[in-house]
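Residue numbers (my numbering), protein chains in the order written: chain A, 1 to 226; chain B, 1 to 192; chain C, 1 to 440; chain D, 1 to 334; chain E, 1 to 223.
Everything labelled a hint here was simulated from the structure, so no lab data went into it.
Heads up, simulated BS3-like pairs for lysine-lysine below, C-alpha to C-alpha not over 30 Å straight-line:
hint, chain 1, residue 1, chain 2, residue 2
1, C, Lys361, D, Lys67
2, A, Lys127, E, Lys98
3, C, Lys153, C, Lys117
These numbers come from a predicted model, not from an experiment.
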Amino acid sequence: MSDVQPGSGNGGPPPAPEPPEVQSFRLLRTLAVAGAIAGFVLVFVYEATQPAILAYKAEVLRQAIQEVLKAPERYDTLYVHDGRLTAELPEGVNGDELEQIYLGYLDQQPVGFAIASEKAGFQDIIKVIYGYDPRTNSLLGMKVLESKETPGLGDKIEKDSSFVNQFDGSEPMLVGVKRGRATGDASEIDIITGATISSRTIIDIINLSLERLTPLIENYGEVANR
Amino acid sequence: MGDLMWILISAMVVNNFTLFYFLGLCPFMGVSGRVYTALRMGAANIFVLTITSLCAWFLNTFILPYAPFLRLISFIVVIASLVQIVEMTIKKISPTLFRQMGIYLPLITTNCAILGLAIFQTNRGYGFLQGMAFAVGAGLGLTLALVLMASIRENTELADIPEVAKGTALIFIIAGCLSLAFMGFAGLLSST
Amino acid sequence: MSTGFTFRHGVHPPELKALTEAVPIRRMPFPDEIVLPLQQHTGKPAKIIVRKGDHVERGDKIAAADGFVSSPVHASAAGTVTDIALWPHPDGSYAESVRIAVEPFSAQAARPRLVPKWEGLSPKEMIQAIQDAGVVGLGGAAFPTHVKLSPPKDKAIDTVILNGCECEPYLTTDHRTMVEYPERVQLGIRIMMRCLGVDRAMIGIEKNKPDAIERMEATLPSDIDVTVHPVTVKYPQGAEKMLIDALLGRQVPSGKLPMDVGAVVQNVASVATIAEVFETGLPLIERIVTVTGRGINNPANLIVPVGTKIRDLLDVCGGLTENAYEIVFGGPMMGAAQGNLDTPLLKGTTGVVVLTEADCKPKDTHPCIRCGHCLDACPVFLNPQLLGRLAMVARYEEMETHDLMDCMLCGCCSYTCPSNIPLSQLFAIAKIALRTHKAA
Amino acid sequence: MIRPRFLVTASPHLGGGDSTPTIMWSVVMSLVPVVAVATYYFGPSALLVIAAATAGGVLTEYWFGPKKALLDGSAAITGVLLGLTLPPGLPLWMAFVGGVFGIGFGKLVFGGLGQNVFNPALLGRAFVQAAFPVAMTTWSTATANWWSLRGDNFALPLMSPEVVDAMTGATPLGLMKFEATGTEASALIMGSVGGSLGETSGIVILVCGAYLALRKHLNWRIPISIFLTVALLAGALHLLDAARYPSAVFMLFSGGLMLGAVYMATDMVTSPVTNVGCWIFGFGIGLLVVIIRLWGGLAEGVMYAILLMNGLVPFINQATQPRLFGAGKKQMVT
Amino acid sequence: MRETTPQHDLFRGVWRENPVLIQMLGLCPALAVTNTVANSIAMGLATFFVLCGSSFLVSLLKKFIPHEVRISTYILIIASFVTVADMTLEATVPEIHKALGAFIALIVVNCMILGRQEAFASKRPIGRSMLDAVGTGVGFFIALLMMGTVREVIGTGTFLTGTRFEVHLFGSSYEPWVVMILPPGGFLTLGFILLGLNWIRHRREQKELLGEWPEGVRKEKAA
Ligand SMILES: Cc1cc2nc3c(=O)[nH]c(=O)nc-3n(C[C@H](O)[C@H](O)[C@H](O)COP(=O)(O)O)c2cc1C
Ligand SMILES: Cc1cc2nc3c(=O)[nH]c(=O)nc-3n(C[C@H](O)[C@H](O)[C@H](O)COP(=O)(O)O)c2cc1C
Ligand SMILES: Cc1cc2nc3c(=O)[nH]c(=O)nc-3n(C[C@H](O)[C@H](O)[C@H](O)COP(=O)(O)O)c2cc1C
Ligand SMILES: Cc1cc2nc3c(=O)[nH]c(=O)nc-3n(C[C@H](O)[C@H](O)[C@H](O)CO)c2cc1C
Ligand code: SF4
Ligand code: SF4
Ligand code: SF4
Ligand code: SF4
Ligand code: FES
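Excised from the complex, chain A in its bound form:
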């Protein structure tokens, strides 16, 4: 602390030796009043900022979906509920708490699913969204939503376009190969030298989530086609 000692000297509050009973009421009252005012102000600010925040979040999501589904016209949000995919939830089920994937349309035709998933990478969790076309069993694109990988090494998974672009048209299940070992198979992804773990994590994320979701997607496809 600087030059000011709490409760000392002429400017500070007197060292108040008041009886405690009176205090506890004042105490509660003050806190309650302060809390109420604070809450009121916050509600106000919340109301004012929330639209912008939600809009931004939606925009980020939209852009990501645009990117990985190659610019669809619109997209539907599908929920994983009760072991299957559904666009409409029954009453009383909060969609925000369910896993969501997105189905994009171009010219009224479905173009593919955008799926977000995550797994621990080299430093921390990596979050990825990718587009998947079940009809051709191929990926449409991949985008890293969140990662804390080492700048210069691991962050190539989002910044190195030659790595990111490989996913367009690749066919899962994906297999990571070292540079120079590729055989030209469409399931192969070149690993970034020096960021083997981060690269493999992306591949794992896609493979694992597809493994889990493919049955649901196939099911949904049947429903949709019907």
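For chain A, the structure is supplied; the task is to place chains B, C, D and E with the ligands on it using the hints.
The following block gives chains B, C, D and E with the ligands in isolation, referenced to the frame of chain A:
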């Protein structure tokens, strides 16, 4: 199970709260002079972090969906009050334990490691068990960092530190060195 | 866990005893002046009882014991007290001393017996006689012998240990005593055992003195239980705690004395002296001293009157060589360096070692590199490295909690330290600081 | 008063064993064969990188250290050892930066020789590795011409090196971890593998280490406990699942384990002073090496294992104080 | 309490009693979010806003806040301002809000802010409190900017990266020192800055020691 293990290890060494997230630096600087103190501070930290995780989980599940703007305020108020209550209970039940640990509790109820844990847990959407693993891991990590720092500082007390490095400058450089060394844990248990 | 006859840790300095180990003991001529400090032993200084100008005969008491843990001082030559004043003391200070101008043509002849014959005396009377004869330990610390011989009733002593290790490099005093006066040592043992009422005695001798071991074994009495034990050559094998561990397998706990584990340890030269005072009837006024080192022309083992000045002693041994560099009283491991040639030898001075520059430990020190060699050397299992660092920042109280007071200043740590840190010196200073602080 | 003509110092007046500079310089000499092997395999690049690292360390010590500190030889050891932990193709300026950081932040701010907590050479390497991770994981392969450089050693200061892809390879540990490919034991032991300069010949390092241990310049308990821990753990895991976990010989002779265990974990300043402590220290390093190599994100963990255990040394020292003479059972107080 | 001048109140916190570099307060954000200049600026501004706002309110309400609950009340006030700042940043500069992560929320527990309330705002008139808050806030801002500049310039070779004003300082083939923007770089940079400050202070003290004597002599001669 593997998930819980990863959360624990990650919070403890891979993304150590002190050395990688820079949380709880105040006690790190202030209470790391003696190993004995550091150990007790660490224990108090584990304790409060666990309580915090509990509170955060409770609030996140039952209260905050209805009033998200109260997140910060409610975290602070609830955590502080609960720690206060527990502190008084300990004081009643076991005065010895209180003497060992209690004096550190007020120091850390409102520090950033505690609030940080609550916020991280919320942002990552951890459930109850995950939250517990996260809290224990973070607490163990804080304790580890504190004890390492304390024993190194006790050691450097006897060294002939140059005038310009005395005091906080050296502490930060040591912390930097520890942080460098902890980079070795990166990627632990994560994949391949 | 000491296996065989030794202890754990310790160091192996070069022995360097060849210079004098085969040189027979001879008597040095009386010097022109004798200087007798009143503090020659552990305990209270003696009280002066002569005055300037007094004439004294050889063997006359010139200062009386002041209390129980104290010892009288006797004139080691006939002459006149010329002065009672401060004089350089081997410990580096100036101390109250009696200067005696030796009578030039005195025969220094034997006089009527001053000490009674031992045969008829009770243990109590014998101990009194030993005290009156000014006998103190000749092993270095000069602890009054009669104190050791009168243990409190509740301490059951079962063994007398004779310390013939002489683990310090260079010194051969005890060695020559055992080779040349074995019977005297055996008689001393008998007297000690009688004083203490003990019926077992052990003589510990380092294996590098085979002739001494042989002579002592050859003269062992048949009627009492005395045994000779060759022990490993290692410094500080002669430290009493280490010797007791080696011979009896008992460890003297921190802060305790040998008598707490049932032993009394006495240096062989001290034991020979006990016998000698009863034999000759003269008190302790002369002792055997090894004068050695590469800095001296004619190394020798000499019988020297107590109070002889270094200068006179060196003359007898052919003087210093050109490259004489450091003069040490006692052995080079624990002895004190002397800066003044007028300093007298005391009862407890086992040797005078003159080192050349090449012999000495290099003087430039380096920072401690935490090599741990000092921990491996310390025979009492201290942590000299930590103690040294604490000493550098004067945290003496903390040193005490790390058992500084158990340090016996043997110097093993300093000896091995690659950085030449004067550890044992730092510890000596710390101990003094703590003691004065406590006294204050 | 008579002026003393004689030296008056405290006892003991004799000294035994080697002095600190003797120890340090003999460690430097014992590193000559190791450097020679590195040069044999990696050509002039090896000498250049080691020289640059040494220059960084030594000049820092000279500029900011105490007078005459260079004479004790410890900065030279730091420099050479740092150099030996670097890849052959590293730009020289990065090696220099490592030396500066190691001595400056790893040693001098702690008060110079004997006062530091972390191994300066390894701290220097950890810094360079964290600062320039790409350059530090670019391993060169053998070239046809011994004289050619193994990378862009002469990249301008602060500038990125140019990486010639054809010349980059992988280390045995990298191959094991990321490509599940083993390496011949004979190649490992002879040292004809990719990696840092000092990661090549385990045998030479072992011989030099044995010499130092005999001269008591290092505490043999540290390397032995590291070897034992790694061998036993790796051996047991290999028995459990040979496909997943490499053999003990591979673990011992790959990467920087030999150099680290013999030369770097044994730095007396940054290792425990007590013998019990040394066993614990070695065990900890072995354990961490196995954990990081087998379950961590990095292929090699020796450096981090040693640095982490360095951080624990003050604590180990406190916990393993020697037990005072006479405090044991062997006493008889009457 | 020693009476201070308004200038003193204003400038004290800026340098001589800089909250981060001298008083070691608010360290966590100073280390956690200073890996780029832009983040440092955003964090500095957010903290500045919270500090000034809560100082104003605390100073205004000081008569109504009972002594016993003052700390809780301060925290409540601070938390409200932080929530406002948090939501505002998220609504207006979402990228930066994402980069700062939880550390915006953690301004609540920044002990520097609470410290100013307890030590100053709760005892002084509004004007003075604001001066103090502005000074301290600027000091915090300066410290963050220093950290951010050192870390970004060495760590990526740029200045103000991620903004419109991005400058590449060393050309395109600069080899970034990644460690500087990693956590160890935060500790090491702060350690290094403190080392430098110590060195400067040391030099000045030595000069003063040297300068003192001849001046005294000179004065004596003049008298
Ligand atoms: C400071 C540092 C940062 C690293 N960051 C990453 C990273 O972000 N992602 C990753 O996969 N590996 C990272 N690594 C791991 C190594 O580069 C590892 O050796 C590499 O993944 C192996 O790839 P390679 O087989 O191509 O050499 C990092 C290593 C270091 C030393
Ligand atoms: C380090 C050290 C070494 C010693 N070495 C010997 C020795 O070799 N011979 C010896 O007689 N006394 C030695 N002593 C002295 C003994 O501990 C003990 O005081 C002595 O034997 C008692 O006998 P005294 O009273 O007759 O002198 C040594 C003491 C110390 C502290
Ligand atoms: C204060 C004090 C009291 C002692 N009391 C006894 C005693 O009662 N009995 C005994 O045998 N030795 C006694 N000693 C002697 C020591 O055990 C030891 O022989 C003496 O200090 C010389 O040992 P040194 O030559 O190894 O230093 C005493 C020593 C001191 C310092
Ligand atoms: C056996 C031995 C090993 C050493 N190893 C290292 C080392 O790994 N790194 C280093 O910087 N210095 C080493 N040194 C030198 C020295 O101890 C080191 O610079 C100190 O840490 C500086 O205080 C070593 C010295 C010896 C005797
Ligand atoms: S309270 Fe938190 S923000 Fe403030 S310095 Fe302490 S640890 Fe950092
Ligand atoms: S140190 Fe010297 S005087 Fe002491 S016992 Fe050993 S040889 Fe005798
Ligand atoms: S001088 Fe003291 S610390 Fe040193 S070895 Fe001897 S007993 Fe141990
Ligand atoms: S022997 Fe010397 S250098 Fe080695 S640890 Fe002991 S004091 Fe330090
Ligand atoms: S510096 Fe090592 S003991 Fe003093």
